[in-house]
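K.L.:
Below, each chain spelled out in residue letters.
Protein chains: 2
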Amino acid sequence: MRAATIYGERDVRVEEAPEPVISTGRDAVVRVVASCVCGSDLWPYRGVRAIAEPRRMGHEFVGVVDEVGDDVQTVQVGDFVIAPFYVCDGVCVNCRNGFSTSCLAGGAWGAQVRDEGFADGGQGERVRVPYADGTLFVVPGGRPDDALIPGLLTLSDVMCTGHHAAVSGAVRAGSTVAVVGDGAVGLCAIIAAERLGAQRIVAMSRHESRQALARSFGATDIVPERGEEGIAVLKKMFDGIGPDVVLECVGTKESMDQALRSARPGGQVGFVGVPAGGPELPVPVMFGTNVGVRGGVAPVRDYMAELLPEVLDGRIEPGRVFDLTLPLSETAAAYAAMDERRAVKVLLRP
Amino acid sequence: MRAATIYGERDVRVEEAPEPVISTGRDAVVRVVASCVCGSDLWPYRGVRAIAEPRRMGHEFVGVVDEVGDDVQTVQVGDFVIAPFYVCDGVCVNCRNGFSTSCLAGGAWGAQVRDEGFADGGQGERVRVPYADGTLFVVPGGRPDDALIPGLLTLSDVMCTGHHAAVSGAVRAGSTVAVVGDGAVGLCAIIAAERLGAQRIVAMSRHESRQALARSFGATDIVPERGEEGIAVLKKMFDGIGPDVVLECVGTKESMDQALRSARPGGQVGFVGVPAGGPELPVPVMFGTNVGVRGGVAPVRDYMAELLPEVLDGRIEPGRVFDLTLPLSETAAAYAAMDERRAVKVLLRP
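Going line by line, the protein sequences match chains A and B. Note that UniProt numbering has the first sequence beginning at 1, numbered continuously upward. Note that UniProt numbering has the second sequence beginning at 1, numbered continuously upward.
Excised from the complex, chain A in its bound form:
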């Protein structure tokens, strides 16, 4: 089969890879219907994170189950499934607590998963899935209409991650919310805040096309200013004190600082931006303002059941964050389009 491998900075190649094979009894093989490129894939691509050796890429995919191991109970051949961006067993104490990203037995795509063997990357034709029962989420009713594929694919990561930002920020009916970051996750965080009942949602964005998408997802206001200026605008908009909740969907020192200092006293920052450069939070500022900070790597597997029905019936349309579709063979072009910000998010079809 063909699959994408990164060899070095700006060097992603689609080439032949070994066919996935069932081995533990707990695993499955999935034929990929759609996958995509993540903002975090750009880190090794840009050389920000060093590449010690070639690595298979991709951690978001949907597909159809080709084979299952003898011990798999909830997943059947022919099922249409959504994979979360990580592998989890679904039974450990952290999985039971709703934090499957901290699964005691889990791991990552494109890597060895402890004693369970290799999990292929999602940017390929087929994927061997360890812990199929815990990892894969079965979409009831079989393969859905093709128009729904992009939306379902966002449940692999960005839509559920935006939702995690909103949940971590304690967004509730009537909340005032600002969203820092207008990438796919930030845009999905707007959808999440809207469906949780936020009364006002400010998108912090300078890009016209993303502003338009933000508005169509439920943003009531757009603020292009950043840093101190952005903070000042937000304070002014909300009684001089700032919004109840700020959703941080970038991950830099600057964006986290802006988020922390924008929220009103007693407010909350929900953060899902992958930390770049190891930002630190000043406890004295948090102490003085009582602004809480909560978030992290999103346990997307735990949110799929809640969000799926709304994707299926079109109440939410997170699939619109995909603004470019390419065949798997053009994966390198997909990375380049996102790297050069010509696309918000690129969908790949094997």
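Worth flagging that the hints you see were computed from the coordinates, not collected in a lab. In this text, all values refer to a predicted model and were calculated from it rather than measured experimentally. Cβ atoms here follow ideal geometry from the backbone N, Cα and C, with glycine treated the same way. Treat each hint with caution, since some may be false.
Stated by the list, open to error - Quick partial rundown of chain A residues pointing at chain B, CB under 10 angstroms, derived from the structure:
no., residue
1, T101
2, A105
3, G266
4, A298
Stated by the list, open to error - Listing some non-contacts, in silico: residues in chain A with all C-beta distances to chain B over 12 angstroms:
no., residue
5, R2
6, T5
7, E15
8, P18
9, G25
10, A52
11, D70
12, A111
13, E116
14, V138
15, G142
16, V291
17, G314
Unchecked claim - Derived DEER-like restraints, expressed as beta-carbon distance ranges:
no., chain 1, residue 1, chain 2, residue 2, range
18, A, P309, B, P282, 35 to 41 angstroms
19, A, P282, B, S216, 33 to 39 angstroms
20, A, R226, B, R315, 46 to 52 angstroms
21, A, E254, B, T220, 41 to 47 angstroms
Given chain A's structure and the hints, the job is docking chain B onto it.
P.N.:
Just chain B now, with coordinates in the frame of chain A:
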């Protein structure tokens, strides 16, 4: 009247001070029935925080209203009142949001409160109280039985601050909780966690008398270990992953680090320890574990109505944190007893 003033390191004197006078119409004068020394008072006392000029001390007191200004509506002469450890107007947007510690018009005891004039320190015979309606909490039914005075005095700060830790840590029925810090606030946090329904409460304490008090307040387990050892013990006690909630009631870099790394994935740190040395929180650790951090300077005025009935009927006994009572004239001895850890908390009677 007599009142305590700090002049320098380990130099607290009780001396004559001007009689408080009504001046704005919004103020009141309270005759102090009981006040006390706070752990944070030890900072200037120990020279950790420099003393630029002599300053009146004390920010926790209960008393009887002697005089009220013409515009005061909810407080009457003869009322028995509890003062929070800060001045607040009760009507600004932050007060309405339940974060009166961020009152836009408020201030501190022993200092000028913006245009409202001087607020006396609580360690004295009488106190001029700006914004009497917003600041003072009236205990219904007049002056209570003398045995209740210590418990009511804890609502000025430590009991409500312990409660704030528990609320910020999202303690709920069934929670597993560890409390870092066995000072008056940490001990009150145990009471707070117990009344919110925690199923298991671990007191991190090395002092036998405090361990006994912790147990009588609801602690189910005692862990004397600290740092890495303390973390390891907590992990082992709770499924290898740690408790749901850690309440940080110290404020040092070490205690905050211990709290953050003790909580289970997806857990929460509720913190009220006044930050010493400006600790910072590593966002990558929080991102990886989804442990949230929330807390700060406790809006105690907002909690008094909830906690008062349980103090009055003896369901909770936070007044037991006072293990020494001295006359106001011996305030210097009170500071020394707390500084030398001969007392958990000292009550002062004018």
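K.L.:
Could you run down the list of hints and mark each one as holding or not?
P.N.:
Taking the hints in turn, this is what the structure says about them:
{"no.": "1", "hint": "T101", "in the structure": "7 angstroms, holds"}
{"no.": "2", "hint": "A105", "in the structure": "13 angstroms, violated"}
{"no.": "3", "hint": "G266", "in the structure": "4 angstroms, holds"}
{"no.": "4", "hint": "A298", "in the structure": "8 angstroms, holds"}
{"no.": "5", "hint": "R2", "in the structure": "33 angstroms, holds"}
{"no.": "6", "hint": "T5", "in the structure": "26 angstroms, holds"}
{"no.": "7", "hint": "E15", "in the structure": "32 angstroms, holds"}
{"no.": "8", "hint": "P18", "in the structure": "31 angstroms, holds"}
{"no.": "9", "hint": "G25", "in the structure": "26 angstroms, holds"}
{"no.": "10", "hint": "A52", "in the structure": "20 angstroms, holds"}
{"no.": "11", "hint": "D70", "in the structure": "29 angstroms, holds"}
{"no.": "12", "hint": "A111", "in the structure": "16 angstroms, holds"}
{"no.": "13", "hint": "E116", "in the structure": "20 angstroms, holds"}
{"no.": "14", "hint": "V138", "in the structure": "24 angstroms, holds"}
{"no.": "15", "hint": "G142", "in the structure": "33 angstroms, holds"}
{"no.": "16", "hint": "V291", "in the structure": "8 angstroms, violated"}
{"no.": "17", "hint": "G314", "in the structure": "31 angstroms, holds"}
{"no.": "18", "hint": "A:P309 - B:P282: 35 to 41 angstroms", "in the structure": "38 angstroms, holds"}
{"no.": "19", "hint": "A:P282 - B:S216: 33 to 39 angstroms", "in the structure": "37 angstroms, holds"}
{"no.": "20", "hint": "A:R226 - B:R315: 46 to 52 angstroms", "in the structure": "51 angstroms, holds"}
{"no.": "21", "hint": "A:E254 - B:T220: 41 to 47 angstroms", "in the structure": "44 angstroms, holds"}
In this structure, the earlier hints numbered 2 and 16 are contradicted, and the remaining ones agree with it.
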